[in-house]
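Number of protein chains: 4
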Amino acid sequence: MFIYPKMYRKLKRGPQVILPKDIGIIIAYSGVWKESICIDAGTGSGWLAVTLARLSKHVYSYDMREEFTRIAEKNKEILGLDNVTFKTGDVTKGVDERDADIFTLDLPNAEKALPAVKKALKDDGLVVAYLPHTEQLKKFVMKLEKLGFYDVHCVECIVRDMLVRKEGVRPSTKGLWHTAYLAFARKGAKKIPPIIKTDESFK
Amino acid sequence: MFIYPKMYRKLKRGPQVILPKDIGIIIAYSGVWKESICIDAGTGSGWLAVTLARLSKHVYSYDMREEFTRIAEKNKEILGLDNVTFKTGDVTKGVDERDADIFTLDLPNAEKALPAVKKALKDDGLVVAYLPHTEQLKKFVMKLEKLGFYDVHCVECIVRDMLVRKEGVRPSTKGLWHTAYLAFARKGAKKIPPIIKTDESFK
Amino acid sequence: MFIYPKMYRKLKRGPQVILPKDIGIIIAYSGVWKESICIDAGTGSGWLAVTLARLSKHVYSYDMREEFTRIAEKNKEILGLDNVTFKTGDVTKGVDERDADIFTLDLPNAEKALPAVKKALKDDGLVVAYLPHTEQLKKFVMKLEKLGFYDVHCVECIVRDMLVRKEGVRPSTKGLWHTAYLAFARKGAKKIPPIIKTDESFK
Amino acid sequence: MFIYPKMYRKLKRGPQVILPKDIGIIIAYSGVWKESICIDAGTGSGWLAVTLARLSKHVYSYDMREEFTRIAEKNKEILGLDNVTFKTGDVTKGVDERDADIFTLDLPNAEKALPAVKKALKDDGLVVAYLPHTEQLKKFVMKLEKLGFYDVHCVECIVRDMLVRKEGVRPSTKGLWHTAYLAFARKGAKKIPPIIKTDESFK
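Residue numbers (the working numbering), protein chains in the order written: chain R, 521 to 723; chain D, 521 to 723; chain U, 521 to 723; chain P, 521 to 723.
Check the hints yourself; a few may be wrong.
One copy or two, either will do: identical chains are not told apart, so a pair holds if it fits within one copy or between any two.
Stated by the list, open to error - Simulated crosslink set (DSBU-like; lysine-lysine; CA at most 35 Å straight-line):
1) K639 <-> K663
2) K613 <-> K554
3) K532 <-> K638
4) K666 <-> K613
5) K686 <-> K642
6) K632 <-> K577
7) K594 <-> K666
8) K632 <-> K594
9) K594 <-> K642
10) K530 <-> K694
11) K526 <-> K663
12) K642 <-> K613
13) K686 <-> K666
14) K666 <-> K577
15) K663 <-> K686
16) K632 <-> K686
17) K554 <-> K639
18) K607 <-> K694
19) K594 <-> K607
20) K613 <-> K686
21) K686 <-> K639
22) K663 <-> K613
23) K607 <-> K532
24) K663 <-> K530
25) K554 <-> K532
26) K554 <-> K686
27) K632 <-> K663
Because the hints were derived from the structure by calculation, they are not lab data.
This is chain R alone, in the form it adopts within the complex (with noise of 0.2 Å):
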């Protein structure tokens, strides 16, 4: 299934992950590094965790099902690691950590979370959410906005798989064209700025 990275294949894989593709742009955006504080909602099989946990100091990662915070305690076991902290728990009630540098949402109801995630936050602090619908990534945004984010940024990542043979060089007929959008932001105070900037008219 996973060509890559290589780490995956061993894996375990209970309930729906983040895919390779949107870790990617989630590490490159939120500038993610080895002296960072990550916290992670939900924890789901714990991919996003344990790939942050490889890249930063340590990742606290809550999860309201235990049955899947058991499936993630394997996933750090398989990797060895010892810098991600497995809870289980209800974020938007708050969560125990603060000066955190990262907060990653993946949640049905993300922006119920954004509260605690705010006190979590130190400033300049940036949250993530992964979110499928595109009424989800709406409420989040309007919440962001309400609360005060700024820097508010919403993507989309599509990575097509390429056909290099002898015969030819042409993208792969078939692929995954959706998974879920990614919006970003900053804890602050400053001004919210237009929320895209590189959007022009084409008339």
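Based on these hints, arrange chains D, U and P on the given structure of chain R.
Relative to chain R, chains D, U and P alone:
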């Protein structure tokens, strides 16, 4: 220009850079982590090199043009990194390092570097090339097969901005359609499987 | 601006037009042909209306704003057409025609026209709406289902320019990412099938 | 399989067909209309030929394989058309018709037909080729330039299904990523302009 990641806003930009979207896919698909040794050629402005340095153990980055190395050194300084070594030199003639985990190539004739890449990578080490044109992609893949690399996988990453406003949600009107193709492969002695397995006829 | 089709280069352009790529999908998916009777609202610059007129028996095109009708009349004259009738009026209040084969909608609240569309179409007649935002698309589809239309099918058409030169083939760097979604449906009494049948989980 | 256009549901399908999305772009970009004379090669199942026949004056469609001509004849009969002529023959050796408005090519080595195409088209007549691989696209464009065609324009049309349900709007998870590239050009003596004008650096 770049909203995310924030750190790039302060970096110097000389020659054309690899953008965060492609850096994200390189990171996610390569499985790079805190213990990885990376080799990078050519350095360019060093954006890929410094991003990898923030996530891995050490990065060795080569460029033939000394003026680029200088820009990259400046970016290393701005980010306060001590685990990236910039070198001026031609990687097609070989590199000093051995047992590397990852070798990234952003060169016009990346396939010419493959014999040197093969020597420098450890078994199961990963090479990834950033190739703007389809002809380059084909040459690179043909050479990979000839040299016995396996798990060859070629993709294109497209990030589409979403415009999320009270009056409506829709993709941004205009955007970036293409930067480059990414080709991934592993060094090894295993038989090469069919290059892409996910393709099916749509008849 | 437009390389193709050549005839558009000489047409007047007032309000925003439906572009050839979307006109092409409307024509191909609707099955419009030389014997078709088409109704169109709103006219705008009349590009869709005159294109349909060149391919069908007769087009009746409505717009509430008389100044647009004037631009469209000019375009009809430029192309030497005699089988398109421009009318100033509000289609949500009903149209004069009956037994139409195709009804095209480019209106802010296209769903409000659906009762009138249903009266004007013959059995098995096709309605298609051009809708820039996802919220409009949803409102339109919900109303289609309520009114008993069937074969509901929603798409987005993306045309990507390819740069083909001696030095290499690749997609164009920048381009048009979004104009509007297109929603198709048929008038009829048959039970509505699941809206999209082609989707599968990627688990 | 095909929801739209409805008429295709009853057509025979032998060899691989050109899909409605690509037929739509061919129609819209070529400016074909009720007075057009079209030449088509190779016929295949005849879907493009019969669709063009429903919109134009006459279509002459060539294929080297007689068994395909038979399927296409069947489709002509199903649709009750009298303005399409199927011929068995090799278009690279020339066609009988002259002063055609449009010449469509769906052949493995489409560039070999270009001298015959040039003879058969009227001044300003349009050629369009359907080419799955990038190598074919390049060969075709290079030959177009050599033969003095102008307004060369190459595109790829991607149609993405949208899933519109009460619980949310989002693109379909999986879909068709690639069929073929389309290359358009005009016969003429005018100087060839730069192939693509819309591209800009993203530096």
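Inset, instruction - Run the structure past the numbered hints and jot down the numbers of the failing ones, going up. - result: 7, 26
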